[in-house]
Amino acid sequence: MIQGNNLSTKIGKFIIYFIVISLGLVCLLPLWNIVAISFSSGEAVAANLVGLKPVNFSTKAYEMIMEDAQFWRSFSISVQRVVIALALNLILIVLMAYPLSKTKREFKSRNIYMNIIIFAMLFSGGLIPTFIVIRNLNLLDTIWVLVLPGAVPIFSVILIMNFFVGVPKSLEEAAIIDGASPLQILFKVYIPVSLPALATVALFSIVGNWNDFMTGLIYMTQVSNYPIMTYIQSLTIDIAELVRSGTNSDALQNIAEVQNRNLNAAKIVISTIPLLLIYPFLQRYFVTGIVVGSVKE
Amino acid sequence: MAENNLEAPIRGRKKDKKKAKLTYHAMLAPGMIFLLIFSFAPMFGIVMAFQDFVPAKGFFGSEFVGLEHFKYMFNLPDIGKVFRNTIVIALGKIIFGTLLAIVFAILLNEIRLKFLKKSVQTVVYLPHFLSWVVLSTVVINLFNLDGTVNQIMDFFGLEKINFLGSNTWFQPLLIGSDVWKEFGFNSVIYLAAIASVDPGLHEAAGMDGASWWRRVWHITLPGMLPIILLLAILSLPSVLDGGFDQVYNLYSPIVYETGDTIDTYVYRNGLVGRDYSFGAAVGLFKSIIGLILILSANNIAKKYTERKLF
Amino acid sequence: MIADSFKEFKPLIVLLVLTILLTACVQSSSNDGETTTEDGKTIINIGRSIGTNHKLPEGDTFEDNAYTRAAEKELDIDIRNAFEANGEDYDRQVALAISSGDLPDMMVVSREELKDLVDNDLIEDLSEVYEEHASDYIKETYATYDNRPLADATFEDSLMALSGTEALSAPQMIWIREDWLEELDLTIDEEGDRLITLDELEKVAEAFIENDPGDSGNPVGIPFASFLNAGDYGGSAFTMNSIASVFEGQPRKYLIEEDGSITYGSTSEGTKQALEVMNEWFNKGIIDPQFGTRSFDDIMALLTNGQTGILTGPWHIPDWGLSTVREMDNDARFAAYALADDEGNVNVFEQATTGRFIVVRKGYEHPEKAVQMLNLFYDVMLNTKEADMENTFPEIAEYLERGVDDSTKPFNIVILPNQKYLDDYQDVQAVLDEEMTVGEITDSQVRQNINGIIEYMETPEDALTNSWSNYHSRIVGWGLMNKLTEDDQFNWAEAAYVGNTPTMEQKQGNLTKMEEEDFIKIVTGAEPLDYFDVFVEKWQNQGGDEILDEVKEELAQ
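Protein chains in written order, with the numbering used here: chain A, 66 to 362; chain B, 12 to 321; chain C, 54 to 610.
For the record, the hints were derived by calculation from the structure and aren't laboratory data. Just to be clear, a hint being listed does not mean it is correct.
Said to hold, decoys possible - Every beta carbon over 10 Å from chain C, so not counted as near; a handful from chain A, in silico:
hint, residue
1, K78
2, M131
3, R170
4, I193
5, I197
6, R326
Claimed, not checked - The following label-pair restraints were derived from C-beta to C-beta distances:
hint, chain 1, residue 1, chain 2, residue 2, range
7, C, E87, A, R349, 49 to 57 Å
8, B, P183, C, K256, 35 to 43 Å
9, A, S141, B, A243, 35 to 43 Å
10, B, A243, C, E547, 55 to 63 Å
11, B, I98, C, D540, 41 to 49 Å
Where is the CB? At the ideal position from N, CA and C, for every residue including glycine.
Next up, chain A with everything else stripped away, as it sits in the complex (with noise of 0.2 Å):
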């Protein structure tokens, strides 16, 4: 932190609220503009008629969606997937980058592991064969598809395993010579000091699960399966393409009329509020050193 209370120091101050403050803000506006827009009346919208603040008010979006519901089921399918996800990841990833983190000396295996996980992190077998053995495991359709095949974070396995290298190696050799077996080192040293980045992985997994919407899209055969960013972009059709593809012209008024910018924007709206409410609660765990400090004495 600046200290002090020199001119100097004051202006260096004034400089570092001033470019924080703007990012928030051109950070801020487009969130603030999809708000506006999902308060505005549709051909307002589609006249690109709205900027920060709404044009014709008009909550009719909102009702629509509060009436639609397969919003409220895709919405609750979401949630279930996120807390199994977050739950089964964070086990993985400590349990893997524990042992991962022991030098080669210490866990003679560890480097062919290493290599596997990052084979396994730039190669796959693609679309099709995935489905199939996915397909062959009989779990289309179900929650599990959305968590068991990105049970293994590996670019969060990574991370916390270098969070662990860096871990002090006095305090697992105290705990040694206390007795601990490796799991409980992993529970009871590298856990509580590892918390800052714990939490960074833990927001990692629950943002990438609530935003993941190509799982559902080739996973789940019936619609009402869709989890709830699925749903929302198979709503947001491409008009364009399905012009161009000989759609019936019924049917396109139809898609046009649920097609309204102003209720996407809303839809958008209403599921990002969950990840806003989330972030002040993981944020407690950034907090700087505090743990690291308390273990040490």
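Given the structure of chain A, go ahead and fit chains B and C onto it with the hints provided.
Positioned in the frame of chain A, the structure of chains B and C alone reads:
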């Protein structure tokens, strides 16, 4: 090193170590099983890249064509340009995105007003949640000929620029808008990294009367360095990703020259030909390049920082 | 050492072995055996292409709705959705189903998929069941296209699929704000034949830009989509196809010339002349100065906020594209015209089929049910008179009233007689002239439309936007078609519809990219008009000539 310092009975320690090793394998097992089923089992599909895959024929019935798809890829008339565009756009995003995220994380860490800090932090990570389908309209409204930016430029007597239709400005626009969308979210990791820097070091430096700059330079940044390096290395494989959704929603034939990327190119070809095999071949090529990049970077990092990152 | 390194690689080897085992066991596929329900109904698992269902009554879904229930009652079948998705997502599901060897009993596929399925013997031969079960009306429907849709689905004398139809070949229309024409006192089309010339169009555009009748403060000229041309009628919103057709250019179409040779419309002299006009217009500001970077939504916005009042598009664009214009400005009205060439003719390409086909899985026990469903949905229901509808299909009568669209039918496909819309238009006119009652109209959907049309004609200010749309597409759009047909103004070009030839699959994407880029350059003046000849040469050398040969070969078969 540990064994030299500790004076435990050698036998017991050996047994313990063996036991610990077994535990390590057991800890890795669940995750490996998931990878096995969901990542490795489908990899038989990689043969598709060497086949002329037809869904009705399946993996066993489709004809093998060897390296035909790779040859075809490199003989496409515009392929050089497309590769160059992709790399320029992707590198620009990685470099500027990382820089801004780091700077922002460090600056944010200086904010003492808790309320302000928390709200700014929440706000900057918002654009990450919005898809490019949505954000592209915002970008278009800001940057088209009658858009806000041009109005401001007009006000200052500058000439209007059609950013979306200019081959000079399109790439900077893609890079800039992506940095804007992602820097807040990316900064989360760096904030965690800063949080892990030992506060004792700062206290000591504070007592020595080191200036803010010096402390950032000598304590915060070195503390973050492993994470910065790690993320930079992990982002290397994406130098062949131009960011499909963004480009697709913002480009037009006018800027194909500078805006067409590997992904958009494959997409347009795939729409016509349903060319699964071509897509698989391009994907495999990208994976191999990614693997080479990531492994070499890891080794270079080891050479210079005495530390392997994975 | 060896033992050591083996130890070291143990996890890797275990992993490899497991992967192989797993791969082996996932390859074997399973198929559910159930074919009839407990009460003896035949189960049909279909791949279902869907639209949006916001007008469905509560509780109804794509799997269980008035249409499926009617089919259950009439045909003793139980329709289940093997999968459901819309647009591109449906195409993906079809590809996944085919790849995993788990075909639904029936589904709608594209021409390319049909070909693959036939080649690999995965679908049923429908020749016999079609002959035996298809109703006379269905057979007549195909006959109105000289049976070309059937020929399209016939392979070595076997009918392998039931084909969708295009139903209407029509000119791309020029839609102009009629209320603005009146406000500015502009007269075009003095003869009243609904034909206008390029000069007249230019005049109107100039007047609109000069006077800004939409009070937008920033009027722009005629907007065009960046892809500039479309290869099919439905996709011709905001394209320059009609301008090219004035010069007998038919861009994006493979045409069969009188001497039997095949040409590609984008490389024709006519297209070049059209680009010359476009370039002149661009320089004069007749065309939107931001042409090339406008997205579909942007163009809609220009129309909705009154920056422009001219557009090109198909007859049904008021249904889905222009309704926001009316919502923004209650007085908005559009007139539709066709562009005529020097001799007063309208040059149009002819199109027979859509390239969507219903197929039945090989080995499915009741292929006749597919044909019976066709009869039920595209003959019986379509031709049930109003009086009978309430009794026979009360639920469907309700659907029509609510405006639930055809995508809720088990097969999301259009099968209508050629130029059926002209008959429909005449029915509508007859009702408006009081020569016929609404109840006498056979087509149940037209009966619905006419109520809206009458509402709009009686009280244009208060009518619902839906009625406004119905009026514009049916009376204005179909009316233009009818007028031109009566006056015999059409000059048809025969388009060769073939699937993707091998070279197209490989090179079409690139050729299209080049075409889009080069055309925009010519229009905006980045390259001179003569650059068109360079484009033609490039097109021929980069695969175009091969494609023409392949098309010719395919047509010869």
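Numbered hints the structure breaks, given as an ascending list: Checked against the structure, the hints that fail are numbers 4, 5, 6 and 11, while the rest are satisfied.
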